[in-house]
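Participant: Residue strings, one per chain:
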Amino acid sequence: MRNLMEACCQRCTHTPASPCSEYLLCRTEGPLCHESKECRQQRKAFIDEVTIPSDSPGRQIIVCGGTGCTSSGAANLVDLLNQEITAHNLGNSVQVKKTSCHGFCENGPILHIKPEGIFYTKVKPKDIQDIVLSHLVNQQVVKRLLYQDTAGNSYPYFQDIPFYAGQTRLLLRNCGQINPESLADYLAVGGYRSLVKVLQQMTPDEVIEEVQRSGLRGRGGAGFPTGRKWASARKAAGDVKYIICNADEGDPGAFMDRSLLEGDPHSVLEGMLIAGFAVGSTKGYIYCRAEYPLAIKRLKIAIHQAQQVGLLGSNIMGSGFQFDIALKEGAGAFVCGEGTALQASIEGLRGMPRVKPPRSTEKGLWEKPTVLNNVETLANIPVLIQTGTEAYRKLGTVKSPGTKIFALSGAVTNPGLVEIPMGQPLREIIFGIGGGIRDGKSFKAVQLGGPSGGCLTEQHLELPVDFDSLTTAGATIGSGGMVVMGEDTCMVDVARFFLAFTQAESCGKCTPCREGTKRMLEILERICQGKADLKDLGDLERLCRVVKNTSLCGLGQACPNPVLSTLQYFREEYLAHIVEKRCPAGVCSSLVRYSIAADRCRGCGLCLKNCPVGAIEGEKKQPHTITAERCIKCGVCLDKCKFGAVLRG
Amino acid sequence: MLSLDEKLEELLTKYQDTPGALIPVLQQAQEIYGYLSPELIRIISSRLRIPTSRTYGVATFYSQFHLKPRGRHIIKVCQGTACHVRGGSKLMEVLKNYLGAQPGETTEDLKFTLETVACLGACGLAPVVMINDQTVGQLTPEKVLQKITTCE
Numbered sequence: 001m002r003n004l005m006e007a008c009c010q011r012c013t014h015t016p017a018s019p020c021s022e023y024l025l026c027r028t029e030g031p032l033c034h035e036s037k038e039c040r041q042q043r044k045a046f047i048d049e050v051t052i053p054s055d056s057p058g059r060q061i062i063v064c065g066g067t068g069c070t071s072s073g074a075a076n077l078v079d080l081l082n083q084e085i086t087a088h089n090l091g092n093s094v095q096v097k098k099t100s101c102h103g104f105c106e107n108g109p110i111l112h113i114k115p116e117g118i119f120y121t122k123v124k125p126k127d128i129q130d131i132v133l134s135h136l137v138n139q140q141v142v143k144r145l146l147y148q149d150t151a152g153n154s155y156p157y158f159q160d161i162p163f164y165a166g167q168t169r170l171l172l173r174n175c176g177q178i179n180p181e182s183l184a185d186y187l188a189v190g191g192y193r194s195l196v197k198v199l200q201q202m203t204p205d206e207v208i209e210e211v212q213r214s215g216l217r218g219r220g221g222a223g224f225p226t227g228r229k230w231a232s233a234r235k236a237a238g239d240v241k242y243i244i245c246n247a248d249e250g251d252p253g254a255f256m257d258r259s260l261l262e263g264d265p266h267s268v269l270e271g272m273l274i275a276g277f278a279v280g281s282t283k284g285y286i287y288c289r290a291e292y293p294l295a296i297k298r299l300k301i302a303i304h305q306a307q308q309v310g311l312l313g314s315n316i317m318g319s320g321f322q323f324d325i326a327l328k329e330g331a332g333a334f335v336c337g338e339g340t341a342l343q344a345s346i347e348g349l350r351g352m353p354r355v356k357p358p359r360s361t362e363k364g365l366w367e368k369p370t371v372l373n374n375v376e377t378l379a380n381i382p383v384l385i386q387t388g389t390e391a392y393r394k395l396g397t398v399k400s401p402g403t404k405i406f407a408l409s410g411a412v413t414n415p416g417l418v419e420i421p422m423g424q425p426l427r428e429i430i431f432g433i434g435g436g437i438r439d440g441k442s443f444k445a446v447q448l449g450g451p452s453g454g455c456l457t458e459q460h461l462e463l464p465v466d467f468d469s470l471t472t473a474g475a476t477i478g479s480g481g482m483v484v485m486g487e488d489t490c491m492v493d494v495a496r497f498f499l500a501f502t503q504a505e506s507c508g509k510c511t512p513c514r515e516g517t518k519r520m521l522e523i524l525e526r527i528c529q530g531k532a533d534l535k536d537l538g539d540l541e542r543l544c545r546v547v548k549n550t551s552l553c554g555l556g557q558a559c560p561n562p563v564l565s566t567l568q569y570f571r572e573e574y575l576a577h578i579v580e581k582r583c584p585a586g587v588c589s590s591l592v593r594y595s596i597a598a599d600r601c602r603g604c605g606l607c608l609k610n611c612p613v614g615a616i617e618g619e620k621k622q623p624h625t626i627t628a629e630r631c632i633k634c635g636v637c638l639d640k641c642k643f644g645a646v647l648r649g
Numbered sequence: 001m002l003s004l005d006e007k008l009e010e011l012l013t014k015y016q017d018t019p020g021a022l023i024p025v026l027q028q029a030q031e032i033y034g035y036l037s038p039e040l041i042r043i044i045s046s047r048l049r050i051p052t053s054r055t056y057g058v059a060t061f062y063s064q065f066h067l068k069p070r071g072r073h074i075i076k077v078c079q080g081t082a083c084h085v086r087g088g089s090k091l092m093e094v095l096k097n098y099l100g101a102q103p104g105e106t107t108e109d110l111k112f113t114l115e116t117v118a119c120l121g122a123c124g125l126a127p128v129v130m131i132n133d134q135t136v137g138q139l140t141p142e143k144v145l146q147k148i149t150t151c152e
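From first to last, the protein sequence lines are chains A and B. Residues 1 to 649 (UniProt numbering) make up the first sequence, in order. Residues 1 to 152 (UniProt numbering) make up the second sequence, in order.
Heads up, a few of these hints could be off.
To be verified - List of simulated lysine-lysine pairs, BS3-like, C-alpha gap at most 25 Å:
no. : chain 1 : residue 1 : chain 2 : residue 2
1   : B       : K143      : B       : K111
2   : A       : K297      : B       : K14
3   : A       : K356      : A       : K368
4   : A       : K126      : B       : K147
5   : B       : K96       : A       : K518
Quick caveat, the hints were computed from the structure, so don't treat them as lab data.
Bound conformation, chain A alone:
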């Protein structure tokens, strides 16, 4: 037995071609078909290597290998650690392991030492020697690398950091803890147990009933009850049915699906397998956007591993259930996140939505009944099957049970991935877990639900975050993007930004969306340039209503939301741009001028040196000046000046 997946001795007969029905359970609980102390010991040793129980003699150093930490330089740390560990002869007691994202990207690269649970942040190559010598050899925590909050408190343990302490990491439980490229790791932490339970103890109808009772709602944005979707696809006529995992996470500011796919791909496959069993489907597709190369790589590995041991194939675990999964890469079109457009794209066509009904559960991919679920929805399935409906419903609210992952970003102190039970107030997420607004600035708005959502303000901070409460306030939970904005954000510019996005991504099939978004964007651009009048504002509001009511698909129907919500809560900013030709936040570049106050300028030359376009002139120790025609308004001079001499207005 070289790893957990292999046969322990000659008595094991499992092969993918003639599968043993107990194979999965036997990996972790076994051996089941014979008694052998040695075979049991071997299994325990492999499992302990993954889970590192508190009495473990060995240590594990986890290096975060997520996109964020990798871009902050985590890649070399593994090699450096291994070198230092060998140099100190610790090779037998310490293993270095690369996992996926911890969701705390800004503090990366992250190092997490188990079993003690010490959590190091912003680790540089030069710190490695210290960590090995001080922590591993001399058992002294390296204090300067611990996470520090803005008040200066240090937190040695992962679970005490406010960012993590406020979370309920149910779906993210394995992210950052296991090696996502190892099936054995997933099994060691209890993976595929739900599939075993479903195949051995439940009928398809019972699975659907369980999912319906759990109250699980689709996490892609619309919040449609998952169980009802499955039930109608099961009832639909036809012997060929499809399960599609929608991994075309396109909302700017949302990255929870990416993290799940990169961190725990097998949990998504397990969800798809259970969906396939319940609906009566033998073929699944994962449609993943091409902008997520790491997620695609990990999915390919996971699918291959599952096929190798017979978790995907013709007779899964000897149950007679047949299911296989193919991976389809998107080609860069936001509208393909819409179900019918996504199906057109899998069929090799332009990804354009079609009129509904018929619903996809009746006529979907290749005109066959199709269940289309989002990544996070599918990741919920193994959890709720394992814990049971009652326990699952204890989290969240009556109408929105379970947890939801949010991608917290923007002007917040701790941006990252946050998983919380549904129904928590916005304030708790932004100011509790998120640590409030960075650089001591004040809160202005939070944008929820991406280009389909809206902006909420201070007065909404006590609102519970669930599917229904936010809609009444003009926002939506969407797929879970939460971009926090501070005082220096221009809300008109934000509305223009989203409209520019939807206008570029409109597929062009229906007129209201194709033409409407263009005209709305033109008006918003005029407002930002100070060239609009009050009539434009009325036209904009009317266009919003028309596009909302008459567009073909969700992209068009929801695209006026960012405009409508900012108009509702920040009308005075629109008026400032239109009437006073002024951008109160100093963002809209046409309405902003940079200048240098001669009385404060010491002539140090720092702004001149840093100006990327050479727009600043002046002799040393003499007041400098900015040539307005050349200035691109990047603001570098303002950031660089130590004397407050650069003015924006």
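Fit chain B to the supplied structure of chain A, relying on the hints for placement.
Facilitator: Quick look at chain B alone, frame taken from chain A:
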């Protein structure tokens, strides 16, 4: 080593009877040649038995496909919300200025192509730019210029 045309032949043979294979074929053909020339679109269409107009329709629909040659280094500026509120557009301004190219354009020496990309999902590190396959975060206008001047 297979020549480019042999690689294309291998690809077309593999997919010519698979329904719905147009997008993966275009993706892999672009990987071989770097972009989709009119000639390449005609070859693919005839082998997959798809009207050239439809292939062209698909190639122009998705932002991933390029109908013109691209530079040796691809710089993609993230257009996500988080990057936007943390100064992503300033990065675009300095890059446009430095390269003398608009988004979607390639510099005359074929060294750089400047592009935009929809959210890269690295919002915790905003603002982010992708230089070739590397995601670079927490950038400022100066830092991004430093980064690209190191490109060969």
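Participant: Out of the numbered hints, which ones does the structure contradict?
Facilitator: none
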